[in-house]
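Engineer: Work the whole structure out from these sequences, hints included.
Using numbering that gives the first Met the number 0, the letters of the sequence shown map in sequence onto residues 0 to 165.
Calculated directly from the structure, the hints in this document are not laboratory data. Ideal Cβ positions, reconstructed from N, Cα and C, are used throughout, including at glycine. Possibly wrong hints are sitting among the right ones.
Taking CB as the label site, the calculated pair distances span [to be verified]: (1) Pro-165 / Pro-104: 18 to 26 Å; (2) Thr-28 / Tyr-114: 14 to 22 Å; (3) Gly-141 / Gln-100: 29 to 37 Å; (4) Gln-67 / Asp-92: 18 to 26 Å; (5) Ser-152 / Val-130: 13 to 21 Å; (6) Thr-118 / Asp-75: 29 to 37 Å; (7) Asp-92 / Arg-158: 34 to 42 Å; (8) Ser-76 / Tyr-114: 29 to 37 Å; (9) Gln-67 / Ala-162: 16 to 24 Å; (10) Ser-142 / Pro-97: 21 to 29 Å; (11) Ser-76 / Pro-97: 29 to 37 Å.
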Amino acid sequence: MKAPLAGLLLLTLLAGTPAASRAAEPSITALDAAGLKSELQAAHGQVVLVNFWATWCRPCLEEIPLLQAVEAEFADSRFRLISVSLDDYASTDTQVVPFMQKWFPDFRSYQSVEYEMDTMVSAIDPNWNEVLPTTYLLATDGSVAELIQGKFSKAELSRQIDALLP
Numbered sequence: 000m001k002a003p004l005a006g007l008l009l010l011t012l013l014a015g016t017p018a019a020s021r022a023a024e025p026s027i028t029a030l031d032a033a034g035l036k037s038e039l040q041a042a043h044g045q046v047v048l049v050n051f052w053a054t055w056c057r058p059c060l061e062e063i064p065l066l067q068a069v070e071a072e073f074a075d076s077r078f079r080l081i082s083v084s085l086d087d088y089a090s091t092d093t094q095v096v097p098f099m100q101k102w103f104p105d106f107r108s109y110q111s112v113e114y115e116m117d118t119m120v121s122a123i124d125p126n127w128n129e130v131l132p133t134t135y136l137l138a139t140d141g142s143v144a145e146l147i148q149g150k151f152s153k154a155e156l157s158r159q160i161d162a163l164l165p
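Structural biologist: Structure, rendered in structure tokens:
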């Protein structure tokens, strides 16, 4: 008798809890290279920051909070962050989603469905050197304004974005 009553009580409490106070769920959406090209075309006229990352890349994980802070800073601007995990697509449910739930529950990212990392990144840069993290800052015309590999500061990135905004 206690177990059903406890379950009902828990459901009642959760139903009354505002969504903002519940744990956020990560958003991860499958994407192929053609889809990335479509996303970039749809973002034409905006400054776009495209970040390629993976759960096994420690520097990638260190920069995710910076990317989130920059996205929040420019939320009211013509700016868009497109983040793409290059982890093996087969590991999305077993590795990527649990990882995001644990460390970055409110992070939004695409998950590459491409077998080769090069195929996805080549949608922007056919000469990519396979270094992660790799971030491309695209001007409003869609051209690559900056290639960033390795560490960067939020202030530096904010200045670069601000200089490209109309």
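Engineer: Taking the hints in turn, state whether each one holds.
Structural biologist: Verification of the supplied hints:
1. As the Cβ distance of Pro-165 to Pro-104 is approximately 33 Å, the hint placing it in 18 to 26 Å is violated.
2. About 18 Å separates the C-beta atoms of Thr-28 and Tyr-114, a value consistent with the hinted range of 14 to 22 Å.
3. Distance hint check: the CB atoms of Gly-141 and Gln-100 are about 33 Å apart, consistent with the given range 29 to 37 Å.
4. Range check, Gln-67 to Asp-92: about 23 Å between beta-carbon atoms, so the 18 to 26 Å window is met.
5. In this structure the supplied range 13 to 21 Å holds for Ser-152 paired with Val-130, their Cβ-Cβ distance being about 19 Å.
6. Judged by the Cβ atoms, the range 29 to 37 Å given for Thr-118 and Asp-75 holds: they are separated by roughly 34 Å.
7. In this structure, Asp-92 and Arg-158 meet the distance hint of 34 to 42 Å, their C-beta atoms being roughly 38 Å apart.
8. Distance hint check for Ser-76 and Tyr-114: the Cβ-Cβ separation is about 35 Å, which falls inside the suggested range of 29 to 37 Å.
9. A beta carbon spacing of about 21 Å between Gln-67 and Ala-162 agrees with the range 16 to 24 Å that was offered as a hint.
10. Take Ser-142 and Pro-97: their Cβ atoms lie about 37 Å apart, and the range 21 to 29 Å is violated.
11. The supplied range of 29 to 37 Å is met by Ser-76 and Pro-97, whose beta-carbon atoms lie about 33 Å from each other.
The structure is inconsistent with the numbered hints 1 and 10, although it conforms to all the rest.
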